[in-house]
Amino acid sequence: MYRLPAILAFALMGAAALAAQDAQMPPDAADAAASEISDKGMTGSPYKQGDQAISLDADASVPIIIIGGTETAGLSVGAGFGFSYRYFLDSAWSIGGSVSGAFNGTRSGRSLFIAPLAAELSYWRALVPFEGFATFGLGSYISRLANYGMIGPYASLGLALLWQTGSGWSVGGKVTGQVIPEIHISSYSGLTRTGLSLQTGFIAVYHL
Amino acid sequence: MNKRQYAVPLLGLVAASLLALACNNDYGIYASIQEEPAGASSGPFYRSSVFEITSFNLSLFARRSTIAKMTGGSWSTLPVADLGKDYSCIGLANVADTTLYAAIYGKGLYSSTDGSNWSCLVEDASIDSIVAANGKLFLSDHNEMGTPTVTTDDQWTLHAVTGGVKSAALAGLPLGSPLAGLVHDGSVYWAIAGSTLYSAASEAGPFTACVEAGAPSGAFSCISSSATAGVIYVGGATGTVYRRSGAASWISATASSSSYPVEAIREIPGATASILLVGFGSTTAGGGGYLEANPLDLVILKDRHTSTTAVYATTPATNYDTTMSGRPVNDFTYIQAGTGGKLYASLATAGITGASGLYSVEFDGTASAWSSLGWQAQ
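Chains as they are written, first to last, in numbering that gives the first Met the number 0: chain A, 0 to 207; chain B, 0 to 377.
These aren't lab readings, by the way, just hints derived from the structure by calculation.
The structure displayed is predicted, hence computed values, not measured ones.
Take these hints with a grain of salt, some might be off.
[Said to hold, decoys possible] Now the in silico label distances, taken between C-beta atoms and shown as ranges:
1. S110(A) to C22(B): 40 to 50 Å
2. L156(A) to V360(B): 34 to 44 Å
3. C22(B) to L156(A): 34 to 44 Å
4. L116(A) to A336(B): 47 to 57 Å
5. S188(A) to V360(B): 21 to 31 Å
6. G72(B) to S110(A): 26 to 36 Å
7. S188(A) to L12(B): 32 to 42 Å
8. A57(A) to Y5(B): 36 to 46 Å
9. A154(A) to S87(B): 29 to 39 Å
10. I64(A) to G72(B): 28 to 38 Å
11. Y333(B) to S110(A): 29 to 39 Å
[Stated by the list, open to error] Selected chain B positions facing chain A (in silico; Cβ < 8 Å):
12. C22
13. I32
14. E35
15. N93
16. A159
[To be verified] If you want a taste of the chain A side facing chain B, the calculated C-beta under 7 Å gives, among others:
17. T105
18. L144
19. P180
Using N, Cα and C, we set each Cβ at its ideal position, and we do this for glycine too.
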C-alpha cells in the first residue's frame, strides 16, 4: 500500500526535472535542439514530426488495490510485458498504441492474466543523453482467470526515463499506473470492482 | 460497396462477437480473488481431493483416497487392518457414534470402534458406497451386468447392514444408477440415484419412487437432511436446490447457470436461525464454491461478494457465492461447540497446485460472523 505514493512521487520528480529544463529554454533554442540529437547536454526533444519509435518492456506487475467489495485483495506481484508504437506529431508529442500483459498469482495459486490494448498520447522531453516521456493511455483490456474472462475499459498513466545509447536505441526504466474497471451489468452489478496496479521495469525504445 | 468494403466491418463484428462471448458477466473475477482462501504449499491435503469428513470418538476423520485422522491437531494417514496404508477408501460412515465404517475398494467393509484398529466385517469386492442414516448403515453394491465395459446396463443394489451382517437387496430396488445419497428425515428414509428420488418408511424398505407434487426432477447429485423433522434438501446436477417440508410440499431455486451442479448441501445452526450452505461444482474446469441461504425459502442470506440480499431463484445478484478458489465443494461438515463451531469444506483439488483439499473456518453462529481469518487450509 505504501509503494504507490513512493513510486508516484519518484515519477513526478522526474517529470518535474524534465519540465524545468524545458522551461529554461527559449522556443527557438528548442527547435534547434530538435535537429541536433547528438549534442551532449542538449535540452528539449530530439525528435521531429514524422519520427517513429517502438518500444519493448519487461516489468514487474504490482497490484495495489481492488476497489469495491468488503474483503481484502489477494494478488501477488507478478510479471508483465509490453509493446508500443509511437508516431511523433511534433518534437514533443507523440501518439500511438500499446499492447501489454501481466500475470499475477492469487492467494490460492490461480493465475490472473490481464492484457490491455490502449491508444496512447505521450509527451517527450530530453536532456541528452537522457530523455523521458509521460504517457496517457486509454483503451480496453481482456482478463482471464481459470476459464472465466472479462472485457472492460482501461486507462493508464506512465512515465519513462531513458538513456540514449547513440545507435537509435534508448534504454531505461518505466512505471505505469493502470486503472482496470471490471464492470458487471444487470443483476450482476454487485460484482463490479476496479483494480489498480503498477507495471514497472525495464524499457527499450528504438527510434525508427 | 464491393466485397472488400464489407469485409472490414464484418471482420470487426466477428471479432467483437468473439470478445463478447469471452466475457462472463455472471462471474466476478476480482470479486472471486478478494474472497479466495489462502492456498497451501504443503500439508496432508495438498493437491489431494477430500470427499467427506466425519467426527468419531473425539477425533476427525477425512476421506481422501486413504483415511486421514486428526490427533492432537495434526493429521496422519491411517493404516487399515492388513492393508497397511496402501488402500483406496470409497466410503466412510459413523454409525451412532459407536462404530466407524470404511468401505475399501476391491476388498469390502471394515469397521473400527476406536478409530485406530480396524477389522474386516464383510468381504465384498462389489461395494460401491456406504452411508449412515438414523443410526443405521446402508451399503450399495455395484453389479456388473451386460457388457463389462459398459456401465449403463449395470445395476446397483442397496442393503442394510445390521450386526455386521449384510441384508438381502432392499425391496423396491435395484437402482439403475449409483446411489448418490441416503438420509432419514425423522420418520422416512430418502435415497437418490440417477434421476429418481426414493422413499421408504423403514430401513428394510420397500423403497418407492417419490411422486409428490413439485418433487424434484432431473438428475440428482446430493441429498441432505435437516434438524427439523420432515425436511430434506435435494441437489440437482443442473444447479437446482429442492427443499421438502414435513407437509410434503416442495420449493426449489435454480442457480444462475445450469453448469453449476449442486454437490453438497448442509444446514448448520445459527444464533437465531439455521443457515443453509450450498456447495457446487462446475461442468467446466475452474468452477466451484458455495453460498449461504435461508433454509426456509432458499433466499441468499449472506452474499460474500456484495453484502446485499438477493433472491437466489430469480434475480441472482452474483454467481454462486464464495468461490473456494474455483474448486468444486464435495462436502461440508460442521462440528458444533457451544453456540459456535468449526465448519470444514472438503474440496476436489486433486493435482491442483497451490490448493488444499480441506479448509476450515471458525463460525460463531450468526449469519455474518465468520472468522475474519477466513478459510484456513488444513
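Results for each hint:
1. Hint check: S110(A) to C22(B), Cβ distance near 19 Å, so the stated range 40 to 50 Å is violated.
2. At roughly 40 Å, the beta carbons of L156(A) and V360(B) sit within the given window of 34 to 44 Å.
3. Look at C22(B) against L156(A): about 26 Å separates their beta carbons, and that is not inside 34 to 44 Å.
4. In this structure the supplied range 47 to 57 Å holds for L116(A) paired with A336(B), their Cβ-Cβ distance being about 53 Å.
5. Roughly 28 Å separates the CB atoms of S188(A) and V360(B), a value that falls within the hinted 21 to 31 Å.
6. Between G72(B) and S110(A) the Cβ separation comes to about 32 Å, which falls inside the hinted range of 26 to 36 Å.
7. Taking the beta carbon of each, S188(A) and L12(B) are about 27 Å apart, not inside 32 to 42 Å as hinted.
8. Hint check: A57(A) to Y5(B), Cβ distance near 41 Å, so the stated range 36 to 46 Å holds.
9. A hinted range of 29 to 39 Å for the beta carbons of A154(A) and S87(B) is inconsistent with their spacing of about 54 Å.
10. A C-beta distance of roughly 35 Å is found between I64(A) and G72(B), which places it inside the suggested range of 28 to 38 Å.
11. Checking the proposed 29 to 39 Å range against Y333(B) and S110(A) shows it holds: the Cβ atoms sit about 32 Å from each other.
12. Because the closest C-beta pair between C22(B) and chain A is about 5 Å apart, less than 8 Å, the hint holds.
13. Against a cut-off of 8 Å between C-beta atoms, the interface hint on I32(B) holds, since the closest Cβ of chain A lies about 5 Å away.
14. The criterion of a C-beta within 8 Å of any C-beta in chain A is met by E35(B), whose closest approach is roughly 5 Å, and the hint holds.
15. Of the supplied interface hints, the one on N93(B) is violated, with its beta-carbon coming no nearer than about 30 Å to a beta-carbon of chain A, more than 8 Å.
16. Among the interface hints, the one on A159(B) is violated; its C-beta lies about 41 Å from the nearest C-beta in chain A, farther than the 8 Å criterion.
17. Satisfaction of the interface hint for T105(A) is found here, the shortest Cβ-Cβ separation to chain B being roughly 5 Å, below the 7 Å cut-off.
18. The restraint placing L144(A) at the interface with chain B holds, with a minimum CB-CB distance near 5 Å, inside the 7 Å limit.
19. Hint status for P180(A): violated, given a least beta-carbon distance of 10 Å to chain B, over 7 Å.
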